[in-house]
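Numbered as in the working numbering, the sequence shown ends at 297 without a single skipped number.
Careful: at least some of the hints might be erroneous.
The list that follows gives simulated cross-link-like pairs (lysine-lysine, DSS-like), each with its CA atoms no further than 25 Å apart [said to hold, decoys possible]: (1) 115 to 152; (2) 159 to 191; (3) 115 to 205; (4) 205 to 165; (5) 205 to 191; (6) 144 to 123; (7) 115 to 159; (8) 174 to 159; (9) 76 to 212; (10) 159 to 146; (11) 152 to 165; (12) 144 to 174; (13) 123 to 205; (14) 174 to 115; (15) 191 to 115; (16) 191 to 165; (17) 165 to 123; (18) 76 to 262; (19) 123 to 174; (20) 174 to 146; (21) 115 to 76; (22) 144 to 205.
Worth flagging that the hints you see were computed from the coordinates, not collected in a lab.
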Amino acid sequence: MTVLPQTPVRCAVIRMGGYATAHEERGTEGMKISRLSYVVLVSTLAIASTLHAQEKEPAKSAPTLAFDGKVVLSSLVSLVDGRLSAISDLLSVAALTEEVRSGDWARMKPLLAEIQKCEGGAVAWYALPDGSYYTVDKDKMDQNLKDRPYLPKALAGQKVIGDLVVSKSTGQMSAVMVVPVSNGKTVTGILGLSLFMQKFGEGIQKDMNLPDSAIFFALNRDRVTAFHVRAERVFVDPATQGSESMTRAVQDMLAKEEGVVEYEFGGPRRVMFRHSNVTGWWYALGLPVVP
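Please take these sequences and the hints and turn them into a complete structure.
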């Protein structure tokens with residue numbers, strides 16, 4: 007049986023945004039923090055420095071907030087993109103193992119169970135080209151994935167990071183990471199992990215150590231909220247929330263790569279945003295506007 011690096015070490019590196027591949031230099035644990043991990047680490051230190059300064063300084067004007075917000079927004083994007091990419095990388099490593107390439111669910115299940123343990127709220131699964139699939143928690147499923155938009159992409163040999171779906175096996179609002187499994191000539195199966203986004207958003211709040219007044223969320227091109235500081239707004243379209251100014255702000259966001267928007271929703275809001283080529287999401291972060 008293929009043995010991946012020890013679970014606590016592997017999961018720690020995933021949360022930092024990197025996974026060691028076979029060609030990388032290996033330390034005593036067989037792991038190496040990637041360049042992206044270093045970026046996340048530096049960004050995290052920048053957040054800590056910014057928040058520490060905010061505790062000591064008086065209320066800041068909008069230009070200063072914008073400067074600090076740029077640092078924290080970059081850290082948010084690096085943290086989330088890095089973590090999802092690391093999960094995808096780990097799935098890619100697993101897809102090369104004999105257990106997974108065998109197509110035998112009984113052989114590959116222990117390996118996928120180890121990957122699932124790395125996330126407090128997720129389910130790992132394996133699908134066949136016809137859309138039938140197995141999950142670590144429930145084994146063979148009665149449902150089929152042939153209607154999922156990511157299936158034809160994976161069958162064409164593409165990786166998918168961040169497609170938003172309601173999980174058929176759990177009913178959870180999820181972001182999926184999907185990689186193809188190949189025998190060297192054709193795609194014989196698909197490995198995936200569905201990450202539960204309400205729990206994921208709670209983890210971001212904890213990992214980033216943001217102030218309670220902070221606003222952060224991410225949207226995909228279909229205006230579906232991937233994660234939000236308020237868990238009840240995950241998978242909600244902002245245009246349905248009764249704020250015309252917020253609807254206009256979202257339209258403006260989705261038309262640009264980055265910028266700043268203002269809107270009214272329970273008070274005046276100002277958020278900075280940036281588009282990610284990793285997930286295809288628009289990340290946003292800001293604070294309520296103080297009159």
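Against the structure, the hints come out as follows:
1. 115 to 152: Holds - the C-alpha atoms of residue 152 and residue 115 are around 22 Å apart, at most 25 Å.
2. 159 to 191: Judged against 25 Å, a Cα distance of about 16 Å means the pair holds.
3. 115 to 205: holds, 24 Å
4. 205 to 165: holds, 24 Å
5. 205 to 191: It is violated: about 38 Å lies between the C-alpha atoms, which goes past 25 Å.
6. 144 to 123: Holds - the C-alpha atoms of residue 123 and residue 144 are around 15 Å apart, at most 25 Å.
7. 115 to 159: holds, 24 Å
8. 174 to 159: At roughly 19 Å apart (the allowed maximum being 25 Å), residue 159 and residue 174 satisfy the hint.
9. 76 to 212: Holds, because 19 Å separates the two Cα atoms, which is no more than 25 Å.
10. 159 to 146: holds, 23 Å
11. 152 to 165: holds, 16 Å
12. 144 to 174: holds, 12 Å
13. 123 to 205: It holds: about 15 Å lies between the C-alpha atoms, which stays within 25 Å.
14. 174 to 115: Holds - the C-alpha atoms of residue 115 and residue 174 are around 19 Å apart, at most 25 Å.
15. 191 to 115: The hint holds at about 24 Å.
16. 191 to 165: Holds - the C-alpha atoms of residue 165 and residue 191 are around 17 Å apart, at most 25 Å.
17. 165 to 123: Holds - the C-alpha atoms of residue 123 and residue 165 are around 21 Å apart, at most 25 Å.
18. 76 to 262: holds, 16 Å
19. 123 to 174: holds, 20 Å
20. 174 to 146: holds, 12 Å
21. 115 to 76: violated, 42 Å
22. 144 to 205: holds, 21 Å
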